[in-house]
Amino acid sequence: MENQRALMMGNGIPEEALECVMIYVNDPRDRSVVSQVCKQWYRIDALTRKHVTVAFCYTIKPSDLTRRFKRLESLKLKGKPRAAMFNLTPEDWGAYARPWIEEISSSCLCLKSLHLRRMIVKDSDLATLVGSHGHMLQALKLEKCSGFSTLGLLKIARSCRSLKVLFLEESSIKDEGGEWLHELALRNSSLEVLNFYLTCLESISTKDLMLIATNCPSLTFLRVNECDILDLRGVLEKATELEEFGGGEFDNIDGHALATEYRSVNFPPRVISLVGLNYMSDTGLPLLLPRACNLMKLDLQFTFLSTENHCELLHLCTNLEVLEVRNVIGDRGLEAVANHCKKLRRLRVEAGEEEDEDDEQRLVSHRGLSMIAQGCLNLEFIAIHVTDISNSALEAVGEYCKNLRDFRLVLLDKEEKITDLPLDNGVMALLLGCSKLNRFGLYLRPGGLTDTGLDYIGKYSTNVRWMLLGFVGESDKGLIEFSKGCSKLERLEMRGCCFSGSAIAAAVLNLKSLKYIWVQGYQGTATGKELLAMSRPFWNIEFIPPSTGTRDELDVMEEEMSGHQPAQILAYYSLAGRRTDNPKSVILLSPDS
Amino acid sequence: MNILSQNHQEKPPSEESSENLTASPEQNNITEPNEINVQFPSSLLTIFYAGKVNVYHVSADKAKTIMKMASRINASTPSTPSTPINPSLSVAASGGRTQITHMIKSVALPTTPKFSIQRFLEKRKERLHGGGMAPYSPHYKTE
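Chain order of the listed sequences is R and D. FYI, in the working numbering the residues of the first sequence are 1 to 593. FYI, in the working numbering the residues of the second sequence are 1001 to 1143.
Just so you know, these hints were derived from the structure itself, not from any lab. Treat the hints with care, since some could be wrong.
Each computed DSS-like pair below joins lysine-lysine, with the alpha-carbon atoms no more than 25 Å apart [as the list claims (entries may be wrong)]: (1) D/Lys1114 <-> R/Lys141; (2) R/Lys76 <-> D/Lys1114; (3) D/Lys1064 <-> R/Lys417; (4) R/Lys402 <-> R/Lys414; (5) R/Lys61 <-> R/Lys39; (6) R/Lys207 <-> D/Lys1064; (7) R/Lys76 <-> R/Lys112.
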């Protein structure tokens, strides 16, 4: 009996049972661990895994993916470095979707959902995709992509009748007419999510939007471009199931006359998320105030609301979980948030070059950050641009924000004198206190963090997997000490470094878990030769030089003053070898060349 | 190493706006090799350094940024006598343009807002100021 039992355990669990259990394992990290137990588990994971995210499209070949995961239903691919969102990479940098779409077309027979982020997608690629998967595609997300036009969208609209999700937010789309929306309105009745927010499409007809609202009873998420809110009145009345609305614009030229008209706009009853409302000033507040207590997500980054308007509104947002604003919210606005938005989980405060710069309370500083930390104990994500900072504010975050997973602080250049620098002790307290932190960004200025502070980051960022460091540290020594810690750091971005290229190369070799590094602005040579010190198998090194040809320092300075960018390094592990689609401005460094 | 500090403290009375710093002729004559005198008339930036004159065409806010950066480097150096904030600056003390280049290198990397925010800010300028190019902005870009 015992021998039999031992044999069964030795042979493992029956495969059918394994498959049934593995379906419930969804976290990608868990799946990765599961696949490494033994060959049988690897095989079953490969057959049962429904979704894969490829964090950087050059790390593997498309065929590697399809060979392993034959029954993939959902794929997310990320392309250009994050720096592309700040216009720091050339448009033709790479990340072409074509090889992936060609592979998907021929080999991913179960794929229903495709999400591309920061990639170059051509109309021909969309045609290929539609040709093979048009009948089964349920979700297509082209987020921050470029290279295609509304003609490509027309093909999608005509062929993808089962489409539930069409997400195009912030993509750069060539406008060849609004027929795509018309076709979508005529042929689709299953749409749940339609998002073309932050695209510059102009030939959008509100009649087509009305048709979509009428034909698609499941439409719960609608984000549009800058159509006048008054023209969207009908759509908003028709789309009764809408939970999330975004986009639209407000015309402020004749504020008083329009205020009464804006009062006649009603958001659907179930709306709990509002984003965009571009250029809305206080004349638009009557639209929001009655709904404020129901809102879970609010994005006011592109409004013209004043600090007082923010206070008046946020006072009422007692159910708010996600808030995105510019720093016009001020410390006063953040105080209102701290006092009333107790359920807040995510807070983003972007920098806005506010015109009214005299009143200190109208900008965001360590005072606002401290109040938020103490008032909103559920915070998981904080991204904040401040004009002034102190160690005590960071200590407050460490003490109160125990659920924090993602913290990003940018110290703006506005003020010359900062209350309390360097931030060594505050950073240490934050990292020690927020033990769940896995993403950390710190963008300061010379003097903001000493080498000791950098060493603290290395020692105490135990779970951090992604880091952005700008203008931190004092010398190469600081970077080397930092690199001896950060045991789980997988992706590192650095900007405005005082470190040499050789120190960066040495640090890379120290960082045990590092898979990807991006750097702009460091003390390096014009050719990047010293970076070859980090050459190793499967490690690709890409270099964008500061300028081409032989130039003396004055020419370099002139170029930099006129907006030309300093040198960039991008290095990453890849099983696909060196890429062949890089533009001339991106040099692939190797010991052989 | 007092980049700009001489001018910063000894600003002569001037009828021009506060952003224009004019060095007096006497100062020019006794300039030591490592000192820089900076003039900001309208959109020209003139730097006298080590006996050479360099002229650039910059916008007023870029010129302001350079001044701020220089005074910040100047202010922070005394506070850390043992370890310089930027080792390359102290190495370049012997003169030459390296000093300015490194200063400018830091300046050329301001916090860059996200593209979506940039676009919003440009549109806001257009809406609030009736559109068109801002005056005296030689580096106005349309993208």
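Here is what the structure says about each hint:
1. D/Lys1114 <-> R/Lys141: Holds, at about 21 Å.
2. R/Lys76 <-> D/Lys1114: Holds: lysine 76 of chain R and lysine 1114 of chain D sit about 22 Å apart, inside 25 Å.
3. D/Lys1064 <-> R/Lys417: With Cα atoms ~15 Å apart, lysine 1064 of chain D and lysine 417 of chain R stay inside 25 Å; holds.
4. R/Lys402 <-> R/Lys414: Given that 25 Å is the threshold and the Cα spacing comes to 31 Å, the pair is violated.
5. R/Lys61 <-> R/Lys39: The hint holds at about 22 Å.
6. R/Lys207 <-> D/Lys1064: violated, 50 Å
7. R/Lys76 <-> R/Lys112: holds, 12 Å
The structure fails to meet hints 4 and 6 from the earlier list, while all remaining hints are met.
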